[in-house]
Structure formats: structure tokens, C-alpha cells
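Two independent chains are provided; combine them into the complex using the hints.
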Amino acid sequence: MNPSTLLILLLGLTALAYHAGRKRAVTSAGGAARINTLHSLPSYYGFYAALWAAVPALLLMLLWYGIQDSVVTALVKAQLPAETVEGLSPGRLSLLLTDVKNLAQGNILSGEPTPEIQAAADHYARLQQLASYALWLLVLGLALGGMALAVRQTNPRMRARNRVETTVLGIMILFSSIAILTTLGIVISVLFESLLFFQKVSPLEFFFGTLWSPQTAMRADQVASEGAFGAVPLFTGTLLVSAIAMFVAVPIGLMSAIYLSEYAPRRVRSLAKPVLEVLAGIPTVVYGFFAALTVAPVIRGFGESLGLTVASESALAAGLVMGIMIIPFVSSLSDDVINAVPQSMRDGSYALGATQSETIRRVIIPAALPGIVGGILLAVSRAIGETMIVVMAAGLSANLTANPLESVTTVTVQIVTLLTGDQEFDSAKTLAAFALGLTLFLVTLTLNVIALHIVRRYREQYE
Amino acid sequence: MNSRVIEPGAGTPGQAQASPPAPRRTIDIVNASLKRRYAKERRFRFLGAAAVALGLLFVAILFADIVAKGYTAFQQTYIHVPIYFDADTLDPTGERDPRTLANADYTGLVKKSLRRLFPEITERRRLRELYSLVSVGAGQQLQKMVLAHPSLIGTTRDIWLIAGADVDMLIKGHIDRNVPQADRRIRDNALELVDRMVADGRIEKRFNTGFFTNGTSREPEMAGIAGALMGSFYTLSLTLLFSFPIGVGAALYLEEFAPKNRWTDLIEVNINNLAAVPSIVFGLLGLAVFINIFGVPRSTPLVGALVLTLMTLPTIIIASRAALKSVPPSIREAALGIGASPLQTQFHHVLPLAMPGMLTGTIIGMAQALGETAPLLMIGMIAFIVDIPRGFTDAATVLPVQIFLWADSPERGFVERTSAAIIVLLGFLLLMNLTAVILRRRFERRW
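In order, the protein sequence lines correspond to chains A and B. The opening position of the first sequence corresponds to residue -4 in this note's numbering, with each subsequent residue numbered one higher. The opening position of the second sequence corresponds to residue 931 in this note's numbering, with each subsequent residue numbered one higher.
The hints are simulated quantities; they were obtained by calculation from the structure and are not laboratory data. There's no promise every hint is true.
Stated by the list, open to error - A short list of chain B residues far from chain A (calculated; beta carbon distances all over 12 Å):
1. R973
2. T1023
3. L1082
4. R1117
5. R1372
Claimed, not checked - With a cut-off of at most 30 Å between alpha-carbon atoms, the simulated DSS-like pairs for lysine-lysine come out as follows:
6. K268/A x K1255/B
7. K1135/B x K1074/B
8. K1102/B x K1041/B
9. K268/A x K970/B
10. K1190/B x K1255/B
11. K96/A x K72/A
As the structure is a computational prediction, the values presented were derived from the model and not from experiment. Heads up, the beta-carbon is just placed ideally off N, CA and C, and yes, glycines get one too.
With the rest of the complex left out, here is chain B (with noise of 0.2 Å):
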């Protein structure tokens, strides 16, 4: 703006006597010029409060969408069916021995009691949109009861059995009924079925507790996160063991007792460096050293915390580091006033106190290995695997993994299935920065 102010011989005297116009002072060319300038400085701060409100539109743009898709996932459609437990076909020899129960034939059993329920259709092709209404997963769902409860052989119980992915898309409004039947899911008989039985009140939404407590599956009906949820849990619990031991003696050993020479810069600039890898290439790394090199076995939470460690650790260290910078030398002079060795000073003086702030850090690089999904991709964590994890060498998945998974199904059931999973992992972190911001609020001093 200076040079706009001194404009070319703009108002000295000499010239102001040669031109007889009235002498055109700075402050003039100043005030002719405002209106302009606070145009200008009215633009520029909308432009600045537009990015912040187009920030903060994506923000709520993309939780509405996801919880749009997936809330409906909590809720899963039954339908009520009398089922009579055959003795004849469950346990013909009347033994009660787990393994017969185990193995008979709980589908026919599931579509004895649909033809009982409709007794007019005899066609075949009306007889499989009959069966198909009901998941295949109904059979399991029998199967289970019966072991749990071999009295329940003999008697007719009435039981909501899990409808198929298609009438629950229905019930749940995903799929349009105007649509010609040839493009819909499910036919015009099948529909009037599902229809006659709603008006019997035969089909009901309940909560889904099926996707907390079961394994993924091929039929979305039928599919949980159970598996997933395990697989993260022994694979984070790894990760932790093996990530906060050895951040917080990195930083330790960085911050007070490392002597200030190449190597330690070497080894600063590292850290820094590794923050900043792309995670694929953690990912990488696990494939050729951890599986290829010392035969750590595949697709298992240790091979997967053995990667999201490594991961972790810069996150770890350079909060660990900052909290220890953050305790006044005077306490530790203090210390070693008193006698205390320079190892005493740290673990019963300055470890203490800085410990809220490498917790925080602690749970943030938790949090960021809990939503990575890349690396695990290249060390098999990417299996289908139905059964749900025992232990640190089962082979196992995760969380994002599944969601990741899921996504490519084409079915419109793993679409809700997907969102719903997103929506419990948001969940989870959501929980775990509240612990971090809770954590500094109340425990880190400021001094």
C-alpha cells in the first residue's frame, strides 16, 4: 500500500503551483480508495469464514451419510414362525447325543414349518420364494437352541427367525416396491407373502444383536463384527505392550540421557522421518522382515502388531519427549540434590510426573493403528475368516479390514452392514480421544 500512498509527484508543492487543479493531498487518494479497500477486506474474510463453513459442511455431510446408510443395521427383521421340533428328524435315535443334534437337518425343519404356515403352495417355483424369504442362517439359528436347550425336542415353539437380506431390505424401505419386478430383488408373489405376513403381524423389527456377536458371513443377514472386533483387541492390546515400553524408554533415553553427538541426531531426524512414511510401506516391511525372514506367521494379531509398532512408536516417542520437556529441570535438580542417582531421578520423579502426557500420546497412536487398514492388507489380514479369534497366532482380522471387506460385497445388506461397522469404529476412537482429552485436562500441570 506505501506505494500506492506516494503516487508518482502526488502532491508536492512545486507541481501543485504549476497545475492549477486543487492540490491532491495523500489523505485524499487514501479516502478515495477506502471503499475499494474494505470491499476488498470484506471479501477476503467471507472467503476465509466460507472455507471454515465448507471444512466444517464435509464434517457433518460425511457423518450424516454414513449414519444415514448404517443406523438401520442395528435393527434386524424376524419373522415369526411355529416351529415343531421333530423328534423323528433331530434325534432319531433318541439318544439326545449332541453329535446327531449337531448335524440333522434344521433347514428342512425351517421349511416344513414355512409349508405349514402356507399350506396352498404346493408349486415348486412358489415353494423356493417361500424358502427364501427366511435367511439361511435360520437353520443355525434352530440348530443352536436345540443344543442349548435338547428339552426343547417334542415341542412346538413359537420363534423369530431371521428373514433373508432381501425381505429385510424390503421392511426396511432399501428396496422400491414401484420398481418393474424384473429389476426388483425380490418377486411380486414373494412380496405378497411378505405383505399377508405383515399383516399378521408374523414379521419384526429387533434389535440386531446377531452383528455384535457373530462372525463375518457370506450372507449379509448373518454377518457381525464379533470376529473383527476380537482380531483388533488382540491386536491392539499387542501393539500397546509392545509400543508404550519401548516409546517411553526411547524418549527417555533421547531426551535426558542421550549426549548430544551425531548418532542421536541421526536418530532424532529418523523418528521425525518415520512419522511421515507412508503406512504401506510399514506394511512392506512386515511382509519381507516379519513373515518372509523370521516366520512370524500370517494374517495373526502378532504379525499385525508387530507392524502397527513400529507404526506407532515416532507418534509415542515425540509426545513422550515433549511431556518430559514439559517437567522443570528443578525437580530433577532437586533429586539429585538429595542423592538420588540420575536413574532414581527419572523413574521416581520426572516419569511420574510427565506420565499423563505420554499416556495421551500413548492413546493417540492407539487410536491411529486402530483405524489403519493399509499395512494390514499386505501381511494377510485381509483373509475371510468366519471364526472368531482365540488368541495372538489365530489368523484374524480387524475392525477397518472388515469395513474395507465389506465395502466390495455387492449386496445392498453389507452396504448398512459397512456403515454400521464404521459407525461402532468411530465410536471407539471417538472414546479413546475423549480419554486423551480428558486425561491432559485433568492430570497434566502446567508449571
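Here chain A stands alone, though its shape is the one from the complex (with noise of 0.2 Å):
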């Protein structure tokens, strides 16, 4: 009864259709010597039927999986005893409600089950029993359906291809529109929960307070603070932490680009900038490792020998090692703009009597400014949303310093430290993590936006 083998059994049907489909057009025109007074290929009619057996069937099921579980909670809960459901708090009920799930599930309980509860387990495995059942019976009997309606339609006269091709398109056209869903879905879910947190915590306190300390008291009689989520202190970490990154990345990412695209042999360049490249395939849990357990010592190391004190998570050892990943996107997106500006205005310096240097300092660079600059945004907003590198390298407090050598925490690690572990939706703890989402989704977009609009209009410029 599991999903899978109904799909499989689905594309079994699908084939069916596909097949009977054709047959029909065929038999239909009087054999297959008169096929050609058929309006479109055999295949078209076979497509054609397939597709009435395949999407309404999937459809239903997409539906179906999306809901089934909602519908039977409600359904079981409607069933609980009044007197089991009265007077708890919702986070009580959705508890018990998880209890019963499990219970169905045969998985351990967080205590022994009363007959209530038992009762409910059973309802809810019979009602989930049910549903799968249902599910078979009516995604089956829609393929059939729609294969057979699709097959007695069939006759030489029908337009199968303009039909196929019309579905096909709007197929395409769907699928472009993910693209504008899952930015929707994006900012209605964070903005939604973020709004839930604003209802909690002021948003002046949020954007401007300075003290940030998320861990609420679980239980009303637990010793714990109130909770403070004054984010500036992320926001200063952040920022600490990209500034160290981008100080290491745009001066070797630039410097390189210029070397490779001015004055390396094509040897050296053809070697060079592939090696280079590889850092920016290189995923960011590794260098999150490289960060924790190799650059964080031997900073900490040397800056002892130095007499300093190194907090043992500090910005910097995150910082250089996020540059580290930055140097091929600063260096690439360099390349391509100074590639872009034309030869000619080399040949006039050149005619001039500058030498290479003089060139490339005073004529090369002003004029690819704007793509090197559009390009360094782009690595800030990666800089900015850069996660398991400061995650496994940067520490969990929330200083307010600017000093490098001190531990302090990102908006992206606090995201990730929120959100793991036990979640709790109604929380102001858990829909901070929205908050700083949302907080970091609007700062990359602007930079984003402002990037391409730069980077486009320098490209415009020299075509």
C-alpha cells in the first residue's frame, strides 16, 4: 500500500493508454495502410490518451497526500472524548495528538497509553487504512477512466497533436512558474511567521535593542530569563564576519583576475584559473571544518605567542576562511568585466606610452568600475548568507565587538540554532528564527537586485 508502487502502477497504466491509444487511431483510419487519413501521427493519439490516464490520476494524488493527514487528525480529534480534551492548552492537545499518531505507528510513547488514547490510535489507523484504500480505488479508477475516455473520443478526424502540444505547453508554462512560486512562497511563509514574532517582541526592540539572548523559559516554573531579541549584536557579528572575508577575497580575487587576464601566459592562465575554481566547487561544510579545526588553532596559537588573548571560536579564523571561498567569485566575476573592456582602449593607452600597469590602473579598471563593484555586492550578499562556515567556526554568544580576535555569532547561525532541536511554532524562540530570515532574505535581495542592475547596465555599455 505505499506510495510508490501505486505510481509505478500508474506508469504501467499510463503505458496501457499510450498503447491502446495509438491502436485505436489505427483501427479507426481502417488499418495501417490508411493512416494517412488521420489528422496527426498515430503517436499523437497515444500521447493523447496517456496523458488523460496520467495527470487527472496524478493530480488527485498530489491533492490527496497533501491532505490526508490534516483531514484524519481532525477527524480523530472530533472523535476524542470531551472530557480527555477539555480545558488543554493547544500545545497540550497537538502533544496528544502526537501521542496517538505514535501509538498507531507502534513507535514508543512518552508514557504509558490511557484507553482513550488507545481508542484514538485505533480510530486514527483505521481512518489512515481507509483513506489509503480510497486513495487506490479512486486514483485507479481515474486513469481508467480518463484512458477510456480518451480512447472512445479517438477518430481520424480528432486534432490529437493540437490537443498534446496545447497540454504540453501549459505543462511548460507551469513549470516556469515555480520559479515565481518558490520566491512567493518564500516571502508569504517568512513574512507570515515573522509577523507572528513582531506580534511578540516590538520590532524597535528587534532591530535596535543590543541584547540577544533567545532561550525562553520552556515551563511556567523554570528559573530562566525573559528572553531578550535585540538583534544588533548579530547584525554587528555579521557584518565583522563578511568584512574579514571580503578584506581577505576582493584584494586577491581582484589582483588575480588582473594577473590571469593581463599578464599570465595562456599556459599559466589555462592552469591557473581552473585550480582556482575548484574552491568555489568546494562545499562549505568542508571549509567550515578546515575553519574549526585547523585555522582556528593556529590563530589562536600564534596570537597567544603574540601575548593576545584569542577566544577559541574567533571572527577572524571564520572570516579568512570565508574569504578563502569568496577569492573565485571575485575573481571570476572580475575576469569575465575585464574581458569585457574593449581592446581598443588598451591600444590607446598603450599608443599613449603607459605602461602595462599605468593601463590597467587608470584605464582598465574606471572603465569595468561599475562590473567590479556589481560583482563585489554579489560576493557581500553571499558573504552575508554564508552559513556552515560560521556555523562550525564562529561562535553562539552575542558580543557587540569590533575586535576580530573575539568570538562573536551571525543572523545564519542563530537561524540555524533556533530552528534545531525541539520546535515549538508558537514560540517567540522559534519565529525569531523567521524574523532573521526574513531580515536576511530582504538585505541579499537588495544587494542582488542592485548587483545585476549594475552588472547588466556595464554589459549594455560595451556591446
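Set out below in C-alpha cells:
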């Protein structure tokens, strides 16, 4: 009774429908010798039948799986005896329902099941079973029905190709709107949870408060702080780490782009460029490991030999390694831009007697500046959104400091910390992660829009 | 430089006559500054070369560091112990019932065999040191053997048992013998036992098959990447299944069919922006939409694949559009000219020619998805899962997340496992990128 079996069965039915539709078309034309009387090629009649068999059934299946669980849960909740449910907070109720589900699936419970819960679990299991039978029946029925309908319609004058092509075009339009749906999904989901958060914590406190300590008390009797959500230390921490990263990446990336595109012999260029680009393909978790286990101890040891106190999770280590990660990003973007500067500008400069470096510094770079700035902005947005390096190498303590040797925390680190582990969707702690996510999304989006705009304007200038 | 060449008033004839010193012509000024300018040129050039060298150095250090830390994990220390498979402990009823065999006291068997090897050790504290030389997984090792071959019962066999993590680290040279006993993971007495066994040839390093066949574990010597590899495999195959048709379909529509209007402009800007949105934001989307609204089960390859699909789509769409653009219009015109419909033109003629470019883009997108960690942390693929997943809806973890989890473990033994897992991950990425490069070289046509 699992979904993959149903899918495979549906696939088989679709193949059958193709075959049936095609055969029917050929017969209706009066045999293989007379297929030229058909409006479309026989295979289009097959595709037509296959589409009718597969598409409605698939849509139903998707919809069904989307709502099955919530419908069944609602039914079970309605069935629970009133005295069990009465006076329960929403949190306790959802805990109870989780117990019911766990019991139904034979998992370990948080306590000994009461008879009511046992009954509810049986009810739940029965409903799930029923739902799954109903789904099988409906899906297979729909597929067979669609197939029968399409095959019945088949006659030599049916414009099968046009119908199939319209459907395919429709599917392609649907696919291309997924990009829009993704953005909408991000904005709506993040915005919705953020609004919930801002009902609990004022935006003023969030954006201008300087104390960040999101650990709220889970139970009323617990001794814990109330939880403070001033995100300024996170913003400064993010800026500090990103600034260190850009301090490493921009000079090295830019200079190597200049050297590789203007000076380097062809052989050096064809070797060094791919090797540098290897840095861009390394997963960030690898950089995080490198930062936490290799770079941080080296920096700490070096700092202590100079008599400085260095935190074991210093902003410097995370920033340095993040900078290394971004080098190929800066260099390949700058490389593109520098190569786009027309040769005539170089020739003009050389003709006036300028040396190569003078040409680069006074002609090429000013001409390429908008593109370079756009590339750097993209790199900054990358640095701000980078997660794994800082999760593994930067700390958790929200210090408001500009000292790179101290431990700082960043927006992305806090999102990860707040959302891994136990979650309660109505606690300010979890919602805070979404507010941080919204901030992150908006900032990077703005940077990207500006950067892409600058780069595009620049490209147009020389095309 | 122009401003410097035409210095104020320099070299005009009127002034030259008025002032007695020899005329300073432009060329003299230029010549005088040449040395300085050439030095500047050399400095600039050196800086460029230094930047490239520094970049290459970083690559070298990164790889050298990881390989140096990780290569030892491909070997595992084993201890050679004669084991008597005692019928009374393993199978008192004599029925060879698999359930009895599975639940027998294998750890006791290991301990008994060790005691027989060193009969002079009787003191309890020293016995504990002796037992700790062998991994807690040794019992499981024996259990597996007995379950596979119940005929072993009643016989004595020489078996290479998995050594404990401390012995493993000692043999691989990661524990310094010269530090005082209190600061060392392995005590002096145990050290002496190990040395005796090494002298007897009872300790040996062998290829670590467990690393590739085990799931994760709390004990470094028992931890393997099989679970994470299977999780990555399931997640990536689903991602490919979703993202390739969607990406190619979207690219085809946008490049070939879409009217140029504000809606398609919006889609285009959107795709470019999505390509630059931080990956963690996709994790938030997955958590809020896929898990909380649509009820997709947490921690599964299915929900991971959905998130990764949305993440890789921009890459695939952008690459596919570029591939479509490179197919010359004459192909389309020829197909349309002999009566193909627009869709037939695309599917029969343009798409096959653009396919290598699309596949290259897809492979690069898949490589990104394989290395991605952050969004998967949000959707619960971070759980400690010992079992190897066997389907798309089993709780699973993926290779990069496994690396992240192991990197957090304090044991020395996990450092080398983490590095080894990174080597495996980088190996896969290298393979994928190499395939992409070869595909591009062999099949991409220049028109």
C-alpha cells in the first residue's frame, strides 16, 4: 500500500493507455495502410490517451497526500472524548495527538497509554487505512476512466496533435512559474511567521535592541531569563565576519583576475584558473571543518604567542576561511568584466606610452569599475548568507564587538541554532528565526538586485 | 600620465630663452621617470602573481590538510584473538534458533577470550583496561559471524576483532606516548599490553571496510558513511527526477515560446535572484511550507529533495537557456520550413542539439546539491540515524550533514573519520565535475 507502488502502477496504466490510444487510432483509420487519413500521427493519439490517464490521477494523488494527514487528524480530534480534551492548551493537545499517532504506528510513547488514547489510536489507524484504500481505488479508477474517455473520443478527425501540444505547453508554463511560486513561497511563509513574531516582540526592540538571549523558559516554573531579542549584536557580528572575508577575498580575487587576464602566459592561465575555481566547488561544510579544526587553532596559537587573548571560536578564523571561499567568486566575476573592456581602450593607452600597469590602473579598472563593484556586491551578499562556515567556526555568544579576535555570532548561525532541536511553532524563540530569515532575505535580495542591475547596465555599455 | 608629461610650462620656447639652463624637453622628463615607472610596473606585476600564488597555496593547504588528517581512516586497527564459540553461552538449547543466537552474550565471549589470552591479569581494574582495548562493536562483529554461519558454534577460530578507538589512535600515531599518563587517553598498563600484542603480531592495520558499510555510531571505530551515502543517493535521485524535467521545461518555454512581456521579464529577474538567495532561506521555506503546511514527513530524502530542487532549479534553467541560445536559428527555420509544428521543432531538433549543454548544467546543479548542508539542517536531516535508509520516506541524513555532525564530536577518532568522509565527498564532486567537463568537450558543438 505504499505510494511508490501506486506510482509504478499508474506508470504502467499510462503506458497501456498510450498503446490503446494508438491502436484505436490506427483501427479507426482503417488499418496501417490508411493512416494518412488521420489528422495527426498515430503516436499523438497515444500521447493523448496517456495524458488523460496520467494527469488527473497524478493531480488527485498530490492533493490527497497534501491533505490526508490533516483531515484524518481533525477527524480523530473530533472523536476524542470531551473530558480528555477539555481544558487542554493547544500545545498539550498537539502533544496528545502526537501520542495517538505514535501509538498507531507502533512507536514508543512518552507515557503509558490511557484507554481513550488507545481507542483514538485505533481510530486513527483505521482512518489512515481507509484513506489509503480510497486513494488507490480513486486513482486507479480515474486513470482507467481517463483512458477510456480518451480512447472513445479517438477518431480520424480528432486533432490529437494540437490537443497534446496545448497540454505540453501548459505544463511548460506551469514549470516556468515555479520560480515565481518559490519566491512567493519564501516571502509569504517567512513574512507570515515574522508578523507573528513581531506581535510578541516589537520591531523596535528587534532591530535596535543590543541584547540577544533567545532562551525562553519552556515551563512556567523554570528559572530562566525572559528572553531578549535585540538583534544588533547579530548584525554587527555578521558584518564583522563578512568584512574580514571581503578584506581577504577582494584584493586577492581582483589582483589574480587582473594578473590572469592581462599578464599571465596562456599556459599559466589555463592551469591556474581552473585550480582557483576548484575553491568555488568545495562544499561549505568542508570549509567549516577546515576553519574550526585547522585555522582557528593556528590563529589562537599565533595570537597567544604574541600575548593576545584569542577566543577559540574567533571571528577572524571564520572570516579568513570565508574569504578564501569567496576568492574565486570575485576573481571570475572580475575576470569577465575585465575581458569585456574593449581592446581599443588598451591600445589607445599603450599608444600614449603608458606601461601595462598604468593602463590597467587608469584605464581598464575605471572602465570596468561598475562591473567590479557589482561583482563585489554579489560576493558580499554571498558572505552575509553563508551558513556552514560560521556555524562551525564562529561562536554562539552574541557579543557586541569589533574585535576580530573575539567570538561573535551571526544571523545565519542563530537561525540554525533556533531551528534545530525542539521546535514549538508558537514560541517567540522559533519565530525569531523567521524574523532573522526575513531580514537576511531582504538584505541579500536588495544587494542582488542592485548588483545585477549594475552588471547588466555595464554589459550593455560595451555591447 | 598625460598630466605629468605636460608639466606646467615645461619646454615652451619662450621660457627656454629666458632661463639659461639647458632646455628640458618632454622626452627627458619621460626618460627620467622611466626607472620609477618600470619599478612600479614590476611591483604591480609581482602583486598579481603573488595573489594567484596565494590562491593556489590556499587550495594546496586545504587539500593537504584534509588528506593528512583523513587518510589514516581508510585503515582500521584489528586485534587478533582466538575465540572459542562456546555452545553453552551462545545456544544453550541447541536448536540454532536465530533469535536465541542474536540475543546471546557476545561481549562476554569477547571478554572471556581476552582473559584467556592474558591469564595473569586478575585484578578488576586491570581487567577493565584489557577489555577496553577491543571495541564495543567486537560483540556485534561476532554476532554477525555466528548468524551467518551457525556452524561456527563449538569451534575455536582466530578472529581479527576491531580494536577500540584509543588503541586505533595509538597505533596510527595520533596519541603521544611521552605525555604523562594522566593526560593520555590510554593508561600505562594498557600501553604495555598493546606493546606486547604488537610484538606478538596480534595487532595489525587492515583496510577499513566498515567505514563504507556501517551506519553512523557513537563509537568512532564503528562509525561508517553507508547510511549517509544512501541518504545522499536517495535525495539526489529524487532531486534529479524533479529538477531536470522542470528545469528543461521552464527553460524551453522561457527561451522559445514565451512572449516578451512584463510577466516573463518578472520570471527572468526572479530566476536570477533566486540563484543568489542564501541557501538557508530555502531551508526556512521547506520548513514552513513543505513540512508545516503540506505535511511532508520530516528528515526524509523526499523533503530534502523538494528543497534542493527549488535550490538547483535556477542553475539548471540558466544553463539550459544558454544551451538553447547556442543552437543556431537555421535549425529551427529548416524544421519549420518542412512543416514541423513549433513543438515538434523543439523536441525533435533543437532539444537534442542543446542536450549536452543542459546535462552539463544539470550535473553542476547536482554537484551543488550534493555539497549543500545548511537548508537540510532546517528540515530535520540532522537527526542521529544509525539505520541505513531504505526508501524515500525513511528518516535519513546526507553526507555533508554527516560531516557536520562528526565534526562536532570531540573524540580524536572522529577527526580522521570526518576528514575521510570529506575525501569521499570531494571524490564524488570531482567525478561529477569531470563528467560535466568531458560532456562539454565531447558533445558541445560550436556552430
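Taking the hints in turn, this is what the structure says about them:
| no. | hint | verdict |
| --- | --- | --- |
| 1 | R973 | violated, 8 Å |
| 2 | T1023 | holds, 29 Å |
| 3 | L1082 | holds, 34 Å |
| 4 | R1117 | holds, 26 Å |
| 5 | R1372 | holds, 18 Å |
| 6 | K268/A x K1255/B | holds, 26 Å |
| 7 | K1135/B x K1074/B | holds, 21 Å |
| 8 | K1102/B x K1041/B | holds, 24 Å |
| 9 | K268/A x K970/B | holds, 25 Å |
| 10 | K1190/B x K1255/B | holds, 15 Å |
| 11 | K96/A x K72/A | holds, 11 Å |
In summary, the one numbered hint that this structure violates is 1.
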